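Asks: When you get a sec, could you build the whole thing from the sequences and use the hints?
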Amino acid sequence: MDLLLLVIGAIFVNNVLLAQYLGNCPFCGVSKKLDTAAGMGLAVIFVAVLASVLTWVAHYFVLVPLDLEYLQTLVFVLLIAALVQLVEIFLKKKSQALYRSLGIYLPLITTNCAVLGIALLNIKHELDFATMLIYATSSAAGFALAIVLFAGVRERLLLSPVPPAMRGTAIALVTAGVMSLAFLGFAGMVE
Amino acid sequence: MVIWTPAIVLGGIAALSAAGLGVAARIFRVDEDSRFRGVLGLLPGANCGGCGFAGCAACAEAIVRREVEPNACVLGQTETARAVASYLGMDLIESEPQVACRECRGGERAARKYDYHGFEDCRAAMLYFHGPISCDHGCLGLGTCVKVCRFGAIRMGDLGLPVFDPERCVGCGTCARSCPKGIISIISETTKILHWNRYTECLSPCRQGCPAQINIPKYVAHIKLGEYAEALLTIKESNPLPLSTGRVCPEPCNLACRRQIEDEPVAINYLKRFVADWEMGSGRRLHVPVAPDTGKRIAVVGGGPAGLSAAYFLRRLGHAVTIHERMPALGGMLRYGIPEYRLPKRILDWEIEGILALGIAARTGVALGGDFSCDDLRRQGFDAILLTVGAWRDRRLELRPAGRDPAGVVSATRYLGSFRGGDVAVRGHVVVVGGGNPAIDAARTSLRAGADRVTVVYRRGRDQMPANPAEVRAAEQEGVVFRFLTAPTRYVAESGRITGLAVQRMELDAADPVGRRRPVAVPDTEELLACDLVVEAVGQLPDLDFLNLPGMPPLRVTRWNTIEACEQTLQTEVPDIFTGGDCFTGPALVISAVAAGRYAARSIHYYVTTGAVPPIEERQTELISESLFDSIAGVSAKPRVHEPLVTLDDRLGTFKEVEGTIDEEDARYEAGRCLNCGTYCYDRDQELEAPAAGAESRA
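Protein sequences, first through last, are from chains A and B.
If you're matching positions, the first sequence starts at 205 in our numbering and goes up one per residue.
If you're matching positions, the second sequence starts at 607 in our numbering and goes up one per residue.
If you're looking for bench data, these hints aren't it; they were derived computationally from the structure.
Any given hint might turn out to be false.
What the hints assert, rightly or not - No farther apart than 30 Å at their CA atoms in a straight line, the calculated lysine-lysine pairs in the BS3-like style are these: (1) A:236 - B:753; (2) B:830 - B:902; (3) A:237 - A:298; (4) B:824 - B:753; (5) A:237 - B:798; (6) B:798 - B:824.
To be verified - Residues of chain A placed beyond 12 Å of chain B at every Cβ, according to the derived structure: (7) 217; (8) 238; (9) 240; (10) 262; (11) 271; (12) 289; (13) 370; (14) 382.
The model shown is predicted, which means the values in this text are computed figures rather than measured ones.
Note that the Cβ used here is the ideal one computed from N, Cα and C, for glycine as well.
Replies: Listed below in structure tokens is the structure:
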């Protein structure tokens, strides 16, 4: 039951994007088309889970024994950057198709604060390894859900008679705000 | 000491990561083509997507992999393509510029299904019952193409139609892809030449009726606006002989003209002649675009209208063409068949000079079979051969005693051919046998050459005569006597010289439901026409004797003595030999020969560049029945202009051109009579009264 609550809480109530406002740059930048948004969402899930595992291990087996918890953010950034690079090199060799379809989004994830945020939250909530895995997956899935929904809205926006001054990113930000308000409605579901 | 631990730990993690990445990079090394960066640097970097790839990087990769040509970038065009090609060490086959154009000429003419007040986007409007207008080809006018164009090359014009700026258009095709009606296409000069009408297009009746498929409403509209150069270039996209056809064409287009339902048809050919003469009168030839050289060589055998037309279009498609002509000068029947008073030789010469000036070589006085063979042409490096040898053998009457002509009997082609200088004198009474244009030409020529009387003998009636009615009328005005329903039976000769022609009355038998009514002789009606010269103008056949000579390909001949070839491609059984014109169809109109020339040029172009000739899908051959109207509501009558004619006194005894060219004022007026038709629509000059309540169509 706790795990279900954890999953629902991570996806809906504390949605990385719409409740915690992490990862806003890809949210605005890669949400113009539904299929690229879905690609970005999947890429984030993949990298966030790997990064969570790596940073969790680094935290509990390197930083804690040495009393260096204050280096957390710095080390995590370093690890995520290296990890993304590694994944990119690996994919380029082993799966050209996936590498091509992820394209520019893979290196962009290096600077995606949602991934770093999830890694930091894992530690902050003092989760054990298994719970951490579930939590990381659900949070990233929340990101994917939000960006796909948002891309759907933006595709419809293209056909709408928007006043010229509001076209493009302006109306997108307003829409994001409205979506965020909508997600606020989930707040009562889980304590 | 506190500082050392974190420094070492951080440094250690960083070093480990770096080492890990280094190892990974070595293990998972991918060999990337170093030329990729170089090509990417040469592309404009606009990431416009016009090439069809997701950005310049993807395009560069495709170029390096040779998946696309170095000229894939539509934005950079020739300069970029040249730079990329030289970087990659490739030869650049230069491509022509391509620009967008639309088919619809419409505005508000199409019937409306409903009033649309939704999103200003054609794609959105299409979702609702296929858009608010009932025409399949009609522009919805909501300007989606204008919005999607990244180069600002499209604006909405006054008629509610997009207008394309060819200077700004890069031919990327975004507008064509965004148009839900599919009425925008990206075309080059080559595409226009290779294009033939399809049933799926918006075609005015005249465009369907013209064998050469000239875009008549377009050039007439240009004339209306005073844009004579554009009008002439439009004609020259389908017909390189506007001066000649402008004089001799019997206007099959006119039979389809919608204005004749309430009024007289538009004088389309006068307009063509007007702009053609305008160019000649201006003393400056218009620049006709020619595609970059393809390196292919084509031999055209026969320099008549079909051969000239084929040579012209093949040259415009970028091939090197050599015309081989048996006679001392080019022009074929235009020169040796059509008399001076209909088509002056200096005008024909000017027209042919213009065609040759595109870079076409001509060898005259060389006959296929006698002076060279098809094998010789292949040895000289020609990639394809086109036979347009025409129909030069005269059919003869079977009236000759002992198979020999008495003196004073001559065939029409030979007779007309002897008048080139107009120096042959004719005396006495000339009888012409036959009812086609050559018969009328022979009759009118005889009058001019000094004959006292000319009689035309034809075995059917006036209505069955294949000659142009206008020509027949003019001949009658000039004094030619017509004897219809009369057939020759025998020659009467004295000491080897003709003195008379025996003829008898004919009548037409009961109407045959399929074919023409046959003339049958009325017994005991023979009479003798005393005469000094008989011209037999009873039809022509292709002269294909050369096919039996050595070095000739094994071409089959049909039972009409024409060359056998595929109707869809004009390709003969020998793949590199094509045919067209009179030697394929039998004697026909000049404009049909011009059309055959372009059709053969299309086939040859595909054959030499791709090896196969693709069929034309939905090719329009019959008039589209929906486009034939019973009435044209909202159009009031407007009289047709008449061409200036030389007075009768001035005609006889000289070969002066009989018909003149209409003046500019008349041309603009006549062009204004055009209804600017589409398949289903036309311009009304008055708004119709609103239909009764409940009816949904609106004019």
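Asks: The structure should be examined with respect to each hint, and the outcome stated for every one.
Replies: Outcome of the hint check:
1. A:236 - B:753: holds, 17 Å
2. B:830 - B:902: Not satisfied, since the Cα-Cα distance of roughly 40 Å exceeds 30 Å.
3. A:237 - A:298: holds, 27 Å
4. B:824 - B:753: holds, 26 Å
5. A:237 - B:798: Violated: residue 237 (chain A) and residue 798 (chain B) sit about 37 Å apart, past 30 Å.
6. B:798 - B:824: holds, 14 Å
7. 217: Given a closest Cβ separation of 34 Å, the condition holds.
8. 238: holds, 16 Å
9. 240: Answer for residue 240 (chain A): violated, closest chain B Cβ roughly 10 Å.
10. 262: Since the minimum Cβ distance to chain B is about 7 Å, residue 262 (chain A) lies within 12 Å and the statement is violated.
11. 271: violated, 8 Å
12. 289: Not fine: 6 Å to the nearest Cβ puts residue 289 (chain A) too close to chain B.
13. 370: Correct as stated: the minimum Cβ-Cβ distance to chain B is 16 Å, above 12 Å.
14. 382: Per Cβ check, residue 382 (chain A) is outside 12 Å of chain B; nearest 21 Å; holds.
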